[in-house]
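Student: If you're matching them up, the sequences are chains W and D in order. Residues in the first sequence are numbered consecutively from 30, following our numbering. Residues in the second sequence are numbered consecutively from 373, following our numbering.
Do not take every clue at face value.
[Stated by the list, open to error] Lysine-lysine pairs mimicking DSSO-like chemistry, simulated, CA-CA at most 30 Å apart:
id : chain 1 : residue 1 : chain 2 : residue 2
1  : D       : Lys451    : W       : Lys171
2  : D       : Lys386    : D       : Lys493
3  : D       : Lys430    : D       : Lys608
4  : D       : Lys593    : W       : Lys172
5  : D       : Lys562    : D       : Lys510
6  : W       : Lys289    : W       : Lys86
7  : D       : Lys593    : D       : Lys430
8  : D       : Lys535    : D       : Lys493
9  : D       : Lys452    : W       : Lys172
10 : W       : Lys227    : W       : Lys289
11 : D       : Lys451    : D       : Lys510
12 : D       : Lys497    : D       : Lys562
13 : W       : Lys171    : D       : Lys430
14 : D       : Lys593    : D       : Lys452
15 : W       : Lys162    : D       : Lys535
16 : D       : Lys593    : W       : Lys289
17 : D       : Lys497    : D       : Lys386
18 : D       : Lys386    : D       : Lys593
Hints in this document: simulated from the structure, not taken from any laboratory. Everything numeric in this text was worked out from a predicted model, so none of it was measured.
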Amino acid sequence: MEMVRAEGLIHDYITRDEEGNVSGTVRAVDGVDLHVQLGQFIAVLGHNGSGKSTLAKHINALLYPTGGTVWLDGMDTQDESRLWNIRQEAGMIFQNPDNQIIGQVVEEDVGFGPENMGVPTKEIWQRVEEALKAVGMWEFRKKSPNRLSGGQKQRVSIAGVIAMHPKCIVMDEPTAMLDPGGRREVIRAARALNEVEKITIILITHHMEEAIYADHIYVMDQGKIALQGTPREVFSHVEQMQELHLDVPKVTLLAHELGKRGLKLPAGILTKEELAAALGLSAAREEHTSASGALNAGQEQ
Amino acid sequence: MALRVDDISYEYEKGTAMSVHALAHVSVNIPDGQFIGLVGHTGSGKSTFVQMLNGLLKPSEGHIYWNDQDIHADGFDRKKLRADVGLVFQYPEHQLFEQDVISDVMFGPRNLGFSEEECRKRAEKALRSSGLSEEFWKQSPFDLSGGQQRRAAIAGVLAMQPKVLILDEPTAGLDPRGRDEILDMVRGMKQQLHMTILLVSHSMDDVAEYADRIIVMNDAKILMDGSPKEVFARYKELEAVGLSAPQMVYIMQYLRECGLPVRTDILTVDEAAEEILRHRGELHVQ
Chain W
30 MEMVRAEGLI
40 HDYITRDEEG
50 NVSGTVRAVD
60 GVDLHVQLGQ
70 FIAVLGHNGS
80 GKSTLAKHIN
90 ALLYPTGGTV
100 WLDGMDTQDE
110 SRLWNIRQEA
120 GMIFQNPDNQ
130 IIGQVVEEDV
140 GFGPENMGVP
150 TKEIWQRVEE
160 ALKAVGMWEF
170 RKKSPNRLSG
180 GQKQRVSIAG
190 VIAMHPKCIV
200 MDEPTAMLDP
210 GGRREVIRAA
220 RALNEVEKIT
230 IILITHHMEE
240 AIYADHIYVM
250 DQGKIALQGT
260 PREVFSHVEQ
270 MQELHLDVPK
280 VTLLAHELGK
290 RGLKLPAGIL
300 TKEELAAALG
310 LSAAREEHTS
320 ASGALNAGQE
330 Q
Chain D
373 MALRVDDISY
383 EYEKGTAMSV
393 HALAHVSVNI
403 PDGQFIGLVG
413 HTGSGKSTFV
423 QMLNGLLKPS
433 EGHIYWNDQD
443 IHADGFDRKK
453 LRADVGLVFQ
463 YPEHQLFEQD
473 VISDVMFGPR
483 NLGFSEEECR
493 KRAEKALRSS
503 GLSEEFWKQS
513 PFDLSGGQQR
523 RAAIAGVLAM
533 QPKVLILDEP
543 TAGLDPRGRD
553 EILDMVRGMK
563 QQLHMTILLV
573 SHSMDDVAEY
583 ADRIIVMNDA
593 KILMDGSPKE
603 VFARYKELEA
613 VGLSAPQMVY
623 IMQYLRECGL
633 PVRTDILTVD
643 EAAEEILRHR
653 GELHVQ
């Protein structure tokens, strides 16, 4: 089933002069088609100003198309009668955790969304418990949010969205303001929600290592989709990614460098395990996954 | 023109039940001309520490010396200190406010009491160093792109001609190209203007590439202080305090565990490629 579908999406921002008269328009999204299936993990990459965030805001009807159409779970985002269903099904997480937390106590903050939706009190508490457990923040439920680290705050924000029982969560650079530990926590939580709860995740990021687990990557440039495919397909275009002001994961870059120096390796190597295999080395024992494996995503790019 | 920090401590909400030690007995020397990376998880004390260095916060205990003078001694010119030790806050573009870029950059030197002509000269020089070309100088800072705004904001601090430039996460929120441009600019300024740089960062790859010394803070104290290679060799300890090592460290470590006897004190892609090729004879590439 299709979770998000966009066809020929166009978004123009209107610019105004000092008197408030319209002085022109800027096209931020320019003819984008998206096809996201229920339960997929999608990454959207692109340099500052490429249109990623504008695109994201169309998914839960924070913005309306200037041209084209966006459907969330089959609902046209311009259909006002479905607005609250759309907002409930597609939650959103932003960059700065401090702008998204309003409660005095963690559990109250998480309960705010379902309460607003008119969920009965008893069920609210059930949802709060599920949501906080899903992001590993249950033991902090009685704490004040301003005593938490950045990664913890961001996980509370995610719990607040989960408590509304969304089918899809759009995360707009959720790790940009976090330290490496916080980044690991948030990416781990996002992947668990996707794998265990089957929630569709659309992750917008500048950290290429966070995108290697995606089912599909969209790369944006000047409001258009410049490149798309599996992480392996996208990251094998090292030079094109650099032209788009982006990186590839460091291990992909290393394999590419080795290739330039005469060591022919397959394109699009994404993990150090794949690199070792391509170099003809036998795999090391498992115990070293703490620093690597699943959490590679949280590390630096 | 060295900064010397001698056993400083700082407590927020001192004497109340909410009292928290943000710094506890920190001592460090910052001699001329170094490029220092300052890392530590959120809440480790980095921001408190850098605000001490130009006198924005006063230590509860201990002393800070600028050219061997105690900056909190009576009669010490702290206004001059704030020009000598420039601090670029996180998201500095949020502090832009003037009608046009050049006036914004002139604000600092104006405040220091320089003549209009001197202010303009300094602003132009600072804008050139920050790589913002002349076509933007008369524009409103709010019409610039995010990366350009950040350059304009950094120029505002540069115009005070600091000897030490402290940057608190100058690349937060920028795309990879924007990040490289800002860091290359900082490195260029250090060389041209002979400044000392203190770069606060959450990116281990960035500090590995640019800094020649890394200070790691944890729990209000300095946990490590050394060359990038020395510090990142202790990556397990870094992970334990919410940090990590550059990607290359993990990759080389893994290849070594797979039986390729490569060095693991490697921080950049180039070095890693060379090191792997040195062992070419031991590889079995299809």
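Student: All hints, please: hold or fail.
Tutor: Each hint, compared with the structure:
no., hint, verdict
1, D:Lys451 / W:Lys171, "violated, 45 Å"
2, D:Lys386 / D:Lys493, "violated, 44 Å"
3, D:Lys430 / D:Lys608, "violated, 34 Å"
4, D:Lys593 / W:Lys172, "holds, 25 Å"
5, D:Lys562 / D:Lys510, "holds, 27 Å"
6, W:Lys289 / W:Lys86, "violated, 40 Å"
7, D:Lys593 / D:Lys430, "holds, 17 Å"
8, D:Lys535 / D:Lys493, "holds, 18 Å"
9, D:Lys452 / W:Lys172, "violated, 43 Å"
10, W:Lys227 / W:Lys289, "violated, 40 Å"
11, D:Lys451 / D:Lys510, "holds, 29 Å"
12, D:Lys497 / D:Lys562, "holds, 14 Å"
13, W:Lys171 / D:Lys430, "violated, 34 Å"
14, D:Lys593 / D:Lys452, "holds, 28 Å"
15, W:Lys162 / D:Lys535, "violated, 50 Å"
16, D:Lys593 / W:Lys289, "violated, 44 Å"
17, D:Lys497 / D:Lys386, "violated, 43 Å"
18, D:Lys386 / D:Lys593, "holds, 18 Å"
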